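Trainee: Residues per chain, in single letters:
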Amino acid sequence: MEQRNNKLGWLFTSPYLIYSVVFFFVPLIWTFFLSITDWNMIKPKFNFVGISNFADALQSPNVHAAFWNTYRFMLIFVPLVTVLAIGVAVLVHGLSRFKGLFLIGFFLPYLSSGVVSALIVKGLLSYTSPINTALRGMGIDIDWLGTPFTALFIVGLILAWKFTGYYALIITSGLESIDKEVYEAAAIDGVKDGQRFWRITLPLLYPSLYTTLILAFGVTFGIFTEVYQLTGGGPGNATNTWQMEIFKQAFSNLQSGYASAVALLASVATFISIFIIRKLLEVWGKRNGWV
Amino acid sequence: MVGSKRHSGARRFVRYALAIVLLLIMVYPYLYMVLSSFADWSQIDKMLIPTKFTTRSYDWLFNGGDTGITRPWLHAFMNSIIVSISSTVLMMAFGVMVAYALAKLNFFGRNVINNFVLFHMFFPAIILLIPTFLIVQKVGLYDTYLGLILPKAVSLWAIFMYTNFFKAVPQVFIEAARLDGASDLKIMYRIMLPMSKSITTVIFLFLLMERWTELLWDMIAVKSDSMLTLNVLLSQMFGPYGSYPGPLYAASTILTLPIIIMFVAFSKKFKEGMQFNLK
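Protein chains in written order, with my numbering: chain A, 1 to 291; chain B, 1001 to 1279.
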């Protein structure tokens, strides 16, 4: 019979419990409270406005943009990062030496600050940059950050650059856990080399793929630094994100009540989307007999 | 299998060549940043690989060049170190304590707290941003180190990772140590932590990296120049230094190098730890 140790248990968990009261419970309730007021962060007085903040937010083109852009970023970022990460993992896994070194190399972009990657991309895509000069030589003249689709694509590309190595690490350990005998057995059963990847590797990789996909989908709900630094949400609203919108409304326009309503809408959208994505991934895995 | 040996040499070469090319493409942006920070100003953002070099950008960063504007970047660098190290150490220490209690102590309310951690993890941090700012302001921590550190003193992810790891440690170790008269603090410090070296490295590096590159909170939690962290200062330099990309690349290099050095120094343990926590 294990002995009970109530005092020590509460003592060790107390830092977290205090933290969660101050930085979770109170803010959570406060957000709900703010969202039904018109408080502007400066005036001591405010009015209760009921659900009008939510009604305004639901009609705001900025909020619509943030909502849809999340899924646009998904469409660009998730396939890109998944293919790249699987590619890197399979490539590195097939190497006989320096595997770890290569993986670490591919992981390095993950350590960059969004500010830094935005700066580099700005330099590489400036009007006089070598890339644009060369493209103009071929008759292609693109204003990368001033065109809605390319601006969106570039933010997606930066994120893919950042996360590829991280996800490749996860997929590599999935690859390493696949037993070599499975391949031998499959060869005997007549699975051709060309089918090997699709019929054996990919299904057995499903658990690590599931992890990376969930992580990758999650990333698209929290985009801030790259967009803030590179486009400010523009051109128009082409790259606006939830975090960007909340930040702008709360700390530039000082509309804390309205911004709280947007934040609550953002979390509802996040909850529901992630829930649906999880379910879809599970159904997809089950239907293929991968789980 | 006949002939596979003959092919394998060529195949291996292609694989390595491909891996190296892909790796070069992936790390090229860093290379571009470092080279541009040392490039002659006539070549910055005009050549993919500059050929003429100078330390002028760093001189500008330190001395302000002919704008005469000196930004407190060295101070910001120190701020980044102070804030990210203290935050990370707190997140680790609290993570270990809470995880030890949840994984190895039998106490009233353990399941409730355990489930609560999972519930808490589920919430997107963005809904808490505005009230957290207001709380920090109300208790007088606005524009102070504590205001930067305390809201980021607990990491649910660290608690989660450590709890899973500690659960795998056989209870026998702990019972034996207890019989020898070791206190729980001593067990944590002498048994749990040494056993968790590689996963500790992973958690430490991820937390440090995230704190080091944090923009949003560091931007809204302070206002005075002396409190800026390096990442925020760099972000602000986009404006006044906008027409001087050289110093920006220099500052970026200075921001990026410490974290890469940290990471490379721990890379072996990091890889071990990653493998553990993914299996």
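Please keep in mind that the hints were generated in silico from the structure rather than gathered at the bench. The model shown is predicted, which means the values in this text are computed figures rather than measured ones. Ideal placement from N, C-alpha and C gives every residue a C-beta, glycine not left out. Possibly wrong hints are sitting among the right ones.
As the list claims (entries may be wrong) - Straight line, CA to CA, 25 angstroms or less: simulated PhoX-like cross-link-like pairs of lysine-lysine: (1) B:LYS1138 to B:LYS1197; (2) A:LYS192 to A:LYS180; (3) A:LYS45 to B:LYS1138; (4) A:LYS99 to B:LYS1269; (5) B:LYS1138 to A:LYS99; (6) A:LYS99 to B:LYS1268; (7) B:LYS1167 to A:LYS122; (8) B:LYS1046 to A:LYS248.
What the hints assert, rightly or not - Computed from the model, here is a short list of chain A residues facing chain B with C-beta under 7 angstroms: (9) GLN195; (10) PHE197; (11) THR201; (12) GLY234.
Trainee: Now look at each hint and say whether the structure bears it out.
Mentor: Verification of the hints:
no. : hint                   : result
1   : B:LYS1138 to B:LYS1197 : violated (39 angstroms)
2   : A:LYS192 to A:LYS180   : holds (16 angstroms)
3   : A:LYS45 to B:LYS1138   : holds (16 angstroms)
4   : A:LYS99 to B:LYS1269   : holds (15 angstroms)
5   : B:LYS1138 to A:LYS99   : violated (52 angstroms)
6   : A:LYS99 to B:LYS1268   : holds (12 angstroms)
7   : B:LYS1167 to A:LYS122  : violated (47 angstroms)
8   : B:LYS1046 to A:LYS248  : violated (34 angstroms)
9   : GLN195                 : violated (18 angstroms)
10  : PHE197                 : violated (15 angstroms)
11  : THR201                 : violated (16 angstroms)
12  : GLY234                 : violated (15 angstroms)
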